[in-house]
Amino acid sequence: MDDEKIIELYWERSEKAVSETAKKYGKYCRCIAFNILQNDEDSEECVNDTYLKAWNAIPPRHPEKLRSFLGKVTRNLSLNRYEKRYAQKRGCGQIPMLLDELEECIPGSRSTDSVIDDIALRDLLNRFLGSLTPKARKVFVRRYWYMCSVKEISNEYHMSENDVSVMLFRTREKLKTLLKKEGISP
Amino acid sequence: MKSKRLLNVIGQIDDEFIEEAASEEKKINKPLWLKLSAVAACIALILTVGVFMLHIGQPSGKLPMLTVGENQEGAMGFEGYFAHNIDELVNNNPWTEESEIRSLPVYKNSLFRYTKDAIVTDPDIAGMKKALIDAAKRLKMDTDGITINEVVYNNLVSSIYAEDENYKIDVNTWTMVNIDFKKKDILPDGYSLDSNESYDTLHKTAEYLLRKYANFIDMDNPQIDISLGDYDVYGNRIWQVSFYEGAGDMTEKIINYNFKQLSFYCDDSGQLSAAYSYKLLDDVIGIYPIISADQALELLCKGNYVTSVPEGFPGKDKVKKVELIYRNEARDEVFMPYYKFYAQLDFDNISSGSYNLVCFGAYYVPAVEGEYIQNMPQWDGSFN
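The listed protein sequences correspond, in order, to chains X and S.
Using my numbering, the letters of the first sequence map in sequence onto residues 1 to 186.
Using my numbering, the letters of the second sequence map in sequence onto residues 187 to 570.
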């Protein structure tokens, strides 16, 4: 079923909306949740919560891209759950590594640096992503949005793990340079 | 923690980036492109090298033997370059004599469809369509509702095309892909792709194209290749502006330089078009050991070369340059590496006296070790 029809079902308050969503995007959402939580049960619960959120949000919302809408909800829910359950246990899944990697992007604070709000930071990230080559951008998004492991990315893009790591490192360096240039502290 | 905030805000990036990365999940093999074989066609003095049919035998427990045989058809004229000196003939070939390349892959040309008359009687329509859809995706055309039209000539499909309000994509039976930018994609003032332009202007233009068409070019580490640099019969210097994928190790760079290259052109009004040759390199015959440039020079001196120059090799002291290249023309059955030697010619009928130019002829020596060449070419004095 195409996305527009699924969204229509939500607007009609038909419960079929949820089953069709699960059928089409269940696996997609589960992958995102599992990448973050590394736990089947928690992942399943997050995905179910995603359907509930979607049910409550549509209407009034009418997402242009249903898949990324659901993905964003799953990601947020999964990160929140991770925060509650695992924050104290370093070493679970990709998150600690990702945080370490992202820490490298953040330039040392200067007194003149401004702390910008989330919207401005998001806009800057969008601009930054738009400036990357498609491949570098996709690899970056796979790593820091989808939270995929380097190995998974290397398989998906037919690259060696080393090449993926080097590409990510260079992209992080570029982001760091941009943040420094703009005098921004996340 | 700042990195945690960054991770959260990354979650809010535009949907298009999320979609773009998600769609990759379905992607399997990314087709490689072949270098344009049409370079020679642009230049009166660069002519097709004789076509050599390679046949594959398979001794047990060894790499398949590659037999180089001559095909006398199709070659007219010869491959030569006019320049004041060899330094004027430039390109961005990643291979240098210092490159420590010990082995390289040899590929079967999976789209080889040529008859003895060099006519494609059995065009690979599916392959052509694949090439067209690949181009359409790069251009973000709507590929779901795309209409592919066939151009039929003498009851044979000669090309296919598809278009929307922005682009027209043509793919011919050689799987040469040509893209016309229908909207007013005209180069701004100060930029030009005129083949007679200065190197600096072309380089500046290439950088501009790289910025503007990054998605279409779609390379991780695009390298600008302003190549040729020789002169036409009117004394004008000729250049070609291309891009190739510079990511990866030296072997990958060499493969990409030879097989994944895209060129831009413009007409007199500055209207842009782009072209590349699309081939699949899925069929690797084997990874073959490669001789050194010095060893190849010895073979050259012994006459183990192929050329379209209407004279034999003029001697070691006339060799001015060597590079490693893949011969990958549509009519090659196999794509294998060669050392291409540029030797200074000195016969009268090709001199361009009024411009004080000399001619450098191209001589090719197979780069694969001789033990895998079943029939090492031996120059017999005949002109292809």
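In short, the hints are calculated from the structure, not lab data.
Check the hints yourself; a few may be wrong.
[Said to hold, decoys possible] According to the in silico footprint, chain S covers these stretches of chain X (three or more CB under 8 Å from chain S): (1) 8 to 19; (2) 37 to 47; (3) 55 to 69; (4) 116 to 127; (5) 166 to 174.
[Said to hold, decoys possible] Listed below are the simulated EDC-like cross-link pairs for lysine to aspartate or glutamate, each with C-alpha atoms no more than 20 Å apart in a straight line: (6) S/Lys323 to X/Glu156; (7) X/Lys65 to S/Glu206; (8) X/Lys135 to S/Glu283; (9) X/Lys27 to S/Glu205; (10) S/Lys190 to X/Glu156; (11) X/Lys135 to S/Asp404; (12) X/Lys65 to S/Glu202; (13) X/Lys135 to S/Asp320; (14) X/Lys174 to S/Asp404; (15) S/Lys326 to X/Glu64; (16) S/Lys188 to X/Glu182; (17) S/Lys506 to S/Glu283; (18) X/Lys24 to S/Glu205; (19) S/Lys190 to X/Glu101.
Being a predicted model, the structure only gives us computed values, none of them experimental.
Every residue, glycine too, gets a C-beta built ideally from N, C-alpha and C.
Hint by hint, here is what the structure shows:
{"no.": "1", "hint": "8 to 19", "result": "violated (count 0)"}
{"no.": "2", "hint": "37 to 47", "result": "violated (count 0)"}
{"no.": "3", "hint": "55 to 69", "result": "holds (count 5)"}
{"no.": "4", "hint": "116 to 127", "result": "holds (count 5)"}
{"no.": "5", "hint": "166 to 174", "result": "violated (count 1)"}
{"no.": "6", "hint": "S/Lys323 to X/Glu156", "result": "holds, 18 Å"}
{"no.": "7", "hint": "X/Lys65 to S/Glu206", "result": "holds, 12 Å"}
{"no.": "8", "hint": "X/Lys135 to S/Glu283", "result": "violated, 31 Å"}
{"no.": "9", "hint": "X/Lys27 to S/Glu205", "result": "holds, 15 Å"}
{"no.": "10", "hint": "S/Lys190 to X/Glu156", "result": "violated, 26 Å"}
{"no.": "11", "hint": "X/Lys135 to S/Asp404", "result": "holds, 7 Å"}
{"no.": "12", "hint": "X/Lys65 to S/Glu202", "result": "holds, 9 Å"}
{"no.": "13", "hint": "X/Lys135 to S/Asp320", "result": "holds, 16 Å"}
{"no.": "14", "hint": "X/Lys174 to S/Asp404", "result": "holds, 19 Å"}
{"no.": "15", "hint": "S/Lys326 to X/Glu64", "result": "holds, 18 Å"}
{"no.": "16", "hint": "S/Lys188 to X/Glu182", "result": "holds, 16 Å"}
{"no.": "17", "hint": "S/Lys506 to S/Glu283", "result": "holds, 13 Å"}
{"no.": "18", "hint": "X/Lys24 to S/Glu205", "result": "holds, 15 Å"}
{"no.": "19", "hint": "S/Lys190 to X/Glu101", "result": "holds, 11 Å"}
Of the hints listed earlier, those the structure fails to meet are numbers 1, 2, 5, 8 and 10, in rising order.
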